[in-house]
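Let the sequences and hints guide you as you build the complete structure.
Residue numbers (full-length UniProt numbering), protein chains in the order written: chain G, 1 to 399; chain Z, 1 to 399; chain F, 1 to 399; chain U, 1 to 399.
Among these hints, one or two may not hold up.
Pairs involving identical chains hold if they fit within one copy or between any two copies, as the list cannot separate such chains.
[Unchecked claim] Listed next, the in silico EDC-like pairs over lysine to aspartate or glutamate satisfying Cα-Cα at most 20 Å (straight line): (1) Lys388 with Glu346; (2) Lys347 with Asp392; (3) Lys30 with Glu319; (4) Lys230 with Glu10; (5) Lys388 with Asp343; (6) Lys86 with Glu319; (7) Lys143 with Glu102; (8) Lys30 with Glu49; (9) Lys131 with Glu346; (10) Lys144 with Asp75.
Because the hints were derived from the structure by calculation, they are not lab data.
4 protein chains.
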Amino acid sequence: MAPGKKGILERLNAGEVVIGDGGFVFALEKRGYVKAGPWTPEAAHTHPEAVRQLHREFLRAGSNVMQTFTFYASDDKLENRGQSLKITGAQVNEAACDLAREVANEGDALVAGGVSQTPSYLSCKSETEVKAIFKKQLDVFMKKNVDFMIAEYFEHVEEAEWAVQVLKASGKPVAACMCIGPEGDMHGVSTGECAVRLVKAGAEIVGINCHFDPMTCVKAVKMMKDAVEKAGLKAHYMVQPLAFHTPDCNCQGFIDLPEFPFGLEPRILTRWDMHRYAREAYNVGIRFIGGCCGFEPYHIRAVAEELATERGIMPAASEKHGMWGAGLEMHTKPWVRARARRDYWEKLQPASGRPQCPSMSTPEGWGVTKGHADLLQHKEATSTQEMKHVVDLQKKAKS
Amino acid sequence: MAPGKKGILERLNAGEVVIGDGGFVFALEKRGYVKAGPWTPEAAHTHPEAVRQLHREFLRAGSNVMQTFTFYASDDKLENRGQSLKITGAQVNEAACDLAREVANEGDALVAGGVSQTPSYLSCKSETEVKAIFKKQLDVFMKKNVDFMIAEYFEHVEEAEWAVQVLKASGKPVAACMCIGPEGDMHGVSTGECAVRLVKAGAEIVGINCHFDPMTCVKAVKMMKDAVEKAGLKAHYMVQPLAFHTPDCNCQGFIDLPEFPFGLEPRILTRWDMHRYAREAYNVGIRFIGGCCGFEPYHIRAVAEELATERGIMPAASEKHGMWGAGLEMHTKPWVRARARRDYWEKLQPASGRPQCPSMSTPEGWGVTKGHADLLQHKEATSTQEMKHVVDLQKKAKS
Amino acid sequence: MAPGKKGILERLNAGEVVIGDGGFVFALEKRGYVKAGPWTPEAAHTHPEAVRQLHREFLRAGSNVMQTFTFYASDDKLENRGQSLKITGAQVNEAACDLAREVANEGDALVAGGVSQTPSYLSCKSETEVKAIFKKQLDVFMKKNVDFMIAEYFEHVEEAEWAVQVLKASGKPVAACMCIGPEGDMHGVSTGECAVRLVKAGAEIVGINCHFDPMTCVKAVKMMKDAVEKAGLKAHYMVQPLAFHTPDCNCQGFIDLPEFPFGLEPRILTRWDMHRYAREAYNVGIRFIGGCCGFEPYHIRAVAEELATERGIMPAASEKHGMWGAGLEMHTKPWVRARARRDYWEKLQPASGRPQCPSMSTPEGWGVTKGHADLLQHKEATSTQEMKHVVDLQKKAKS
Amino acid sequence: MAPGKKGILERLNAGEVVIGDGGFVFALEKRGYVKAGPWTPEAAHTHPEAVRQLHREFLRAGSNVMQTFTFYASDDKLENRGQSLKITGAQVNEAACDLAREVANEGDALVAGGVSQTPSYLSCKSETEVKAIFKKQLDVFMKKNVDFMIAEYFEHVEEAEWAVQVLKASGKPVAACMCIGPEGDMHGVSTGECAVRLVKAGAEIVGINCHFDPMTCVKAVKMMKDAVEKAGLKAHYMVQPLAFHTPDCNCQGFIDLPEFPFGLEPRILTRWDMHRYAREAYNVGIRFIGGCCGFEPYHIRAVAEELATERGIMPAASEKHGMWGAGLEMHTKPWVRARARRDYWEKLQPASGRPQCPSMSTPEGWGVTKGHADLLQHKEATSTQEMKHVVDLQKKAKS
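This is the structure in structure tokens:
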């Protein structure tokens, strides 16, 4: 941490609002540096300029946390996703730490090292094996001296607890996020109970990231907060949701939507949706407020603008943004100038321009999770025969 | 032009497909470097790293043309949009040329200097005055030795002709794009007639950019092609549409939609929509195929992938993209692996996840254009009183 | 005609608004007396009480015309639709005339005998054969002394001309309606030209019925009016559209929509849609304004209420209807009472309550018509083998 | 009861499926005999032919119960709704009993006398006063010797208990329906508890009618069944839902939707929706299955057809209906013949044809009920001043 910067817990203990960044894999997929499907972060090593630029945009938008671009950067995942370890997890993690630190130093931001769920857990490897994977990643983060750790994107609280236990040993503050909604984790543990277990495992900050839209995630974190308080425990709360509307999701979240991941465009939130999200998250007592897949820098800026009074600061990027559409006061057409007011944008129900498309989808509902044979992971790409098997299973599931 | 590179006309004369880039003002607004409303490109001068990175992403996605980020970069516009000429048009244009050239040199791309419609024309300034503005910009482009010129985003063919006449004098190849649809320009000149007049004015390439969705733009360029051929003339054709669905637009295009510009998210095209667009554009005989507002690098990549056989080359960014969802073969969940097929994505009708939002909007329909008092431009931001006047006019227009 | 009643031409010549009734086959299908598919009117003979009641409801709603329930009541159609002539066309036509007359006598309504397109024409029978079918029906209408004749629901103007020629010989006033839209008849004759030919064949009243929604039909009748006037001819105009929204139809109309005929519910027009329709029809100069498939009595009442001032009379059924929702002034809940105003209902954009359903469908587009082998009619129900052939054709048409 | 007919409890005890009828006030409003707002049934007295015809259509569609058209036919309601008792409640009730009996005798149907919630209860009259109103109605039903009684459309279980207690004294079997959903009654009593209290009050049959769509009502009756069984009690179950989709309703049901009551058309269920409803109702153990507002005879026919095997009988009206679209085998166009199969209609997601309309609405949410001053009922129509007050309240509720 740069001298003079306050740590994450100092900030939260002081009641400050900490603004997170957005998800890197989706943003960089659109920019051409991440492959959808594997979703692995080799670009931290191969295309640092692209990763650095995205960090800068989030910093400029108001982020106080530069999360290392290390999602799925464990060796078991990299191997599983067909890249044959030409680039190792360690290489990716090191490069990602350097980029995050470089940009964090350009402003008032901390560096958070990140670990996430592993294919090893899904494939029923032992606690010892899974923990070893987290430890290997943690070694890099300690060497690079990140400011705190985030264990995020866990569908099973058991694996998240293992991660927290490993990270906790480092002495760094630990945040832990499940990627679940109000219905609980994939083994049926309630959302509140997940939070209680994570706090007991040592996490100082608990919350939700990914898989659901902002309002759903806020609702789920509220359930966490209620359960933690009811259990007589104490924690800080964070939320880093999707920037996609997902009212039609079941417990598995947006993965199960037919549009995932290449047809989600019409679900992207507007900046005004983000204002509502930031306010609601603040109102229920969440103080670490960021984003995940689908967030672009302007989404984070909207969060920062909504909470500008509470934070006492406007983000740098607001020099290029009039609040509530004020920039339109200078538009060529008078009828567009008439949109330069809060009331207009708060009431707008935006059309999709897609008359043949419905409002909501019917998500898949396979209901299988860790322990089911169809979920054992392997490093080869799906064979034609396996694909046929899957399509057949799907037809059966639908009929 | 780098030695060994073929010029724009050489390529088009040889029947090659030339892929354009996407619109910079919308992309950089989301990244925090352009202000919506004024939409001016000072960032070329103030934040070159952000502009350079976007150029690189389009290059990597397959673009053969790096268009200088000089939209609305005339002094009359910069002044009109409240920035008081702290940064001059010349400064912006020079910086933009340097950035475009730097990245073009990294691949097989040409640099196109760009000019667009002026507030002076809208405010009824004389032909001499308007042409002087284009000339001033052209001087920079000649000094920086761009490879060819694009006059784009003209709502009135008369002003576009003036621009072409000025640019033509440079000896560089000239492309000219109207931002109109099948209903013609704002003075009622038919789309076909616009094209004929632009060819007669000296444009070697004519077409459409912005304001409408891809299929509408392709339809309009087809009308141009038919009219030019019917007139016994010869030209090449280009199209650089929005990446927003706009079936509900009237003749003024997406400006008049209630969602413009801060609620357009649900209208964003998917990559699969882009495949259809690229194929249709190719089929009607358009060979310069790019994008405008709303295009992100992955949209251009989809165009390049659709036409990979015709071009004989895949874009660099396709190393991070499986054709037709093939990257999903390596996804964790089997039901997502089942989406790794063309048939799935071609048939998908994506949901908006917004049950309270309609499919189509009712656009404004003021029907005023150049010559109407309400459209005279001034450099001061709209006053409270003017805003009240506009909102009143609007209520009247709707009742 | 009852003594003292004015005939149809007297009324129209005097500039009066004549209100038609709604379509009987759809309304009686919902009530259980007509079979969807064949759509034949045997119920006039077998269930007179149900047909009489529907006549009464339309009379009470404001209809000035009781159209005999004789749609598809020609022997060739009855035979073709599998009922083996246990009940003859003559029996049906006679019963229908009696019912229409009985109810017409209860108010200020005329009786119109109706003929419609024949399977014989579609199966390429000769002019003589087809005309003989119309003549056989006309004989009944003359015996029963109807007040005037309507030839309606013709997809090909040639057959409509034949019908008009036959009916004209009776000396009764003749109205003729095509079931086409603005794109013209199934042989490519323009909508305007169809009208000109029908007037030349002897029709005093021409227009459109069925197949398209009210606004589309009004637009098409306007084209007819323009063409007739341009040709220096004179006629009265009528329109009897669907009560279903059909913005997505191609030239064949609602038959080609995937929802036809058992999934059209979400397209049903509200009474407020009917107000707009009645006003628009009146404004373009149509004076015989009624309905077809989908119309229920309250739809006709809405037409009569919209034109109450012009007609100088409110329909009887308006004793059970407050204008513009006024009946809600007596509702239990205050927030429902707040809907008792015109402004509320005019602005309402009603939701479908169907989040998985789109706004618009993609209609079939086979593009075959009379003369194509697949359209030759036979009296046997489709065999399993024929059905397989059709489904195969359909798959091919879609791919 | 006609000699030889089995009573309602005999049928239900034997495990038979009993099919109810549809709601009369909405159906007759569309036909011109009931006024929306007051929703009172004077037509039983003034237009018996219209009421008789509707009874016949439901009988023909498969109904085993002719419910007397006596909704809101208590003197306090008739007076409150502005008709000044020119026609008394007794006159309406008597006429309605005669009509129901006449048609019931034409087939295998029973006559059920009906009472519903009273404005007196809403206006905080005493138990004695409210019970006197039910008693007065019951006297007519006993005189006319109906086969059993239905107390339906109660928003408060307390009033429903009072009704059941009064009716029970007659010795007739008593059914009791709340018009609530899964969230319970307007005083916050849970749906299950409502059922338990009604059974304890003496109802042999309990269930839900009106206010919500079929699937929601079935879900609510399932909650009732579970609670009754858990309480160690025994009952039969009935459901008579709306024929409108209402996924967006809050606890007050469709009254609070902005579309109520004059813009509900796009929500109307198709016959295929009814098949799903009938099957689901049967599967959860409901054996008295009917309909309420929005049901037309063909909706009841669809219920009867879905359960034809279980009941061992097809309804009379099915002579005019091919199962699963089979009637289309005789359609003129081959592509419509291709729709003559179950698979086609089960999968169809019907379009609304309304591109400017959303899928779901935001219901009013006033949250006031019996005891609140704004709900005290009076017989005068709302005054202009009261209306202003209501619209103001509404604006406040929305902001």
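In ascending order, which of the hints set out earlier in this document are inconsistent with the structure? 4, 9
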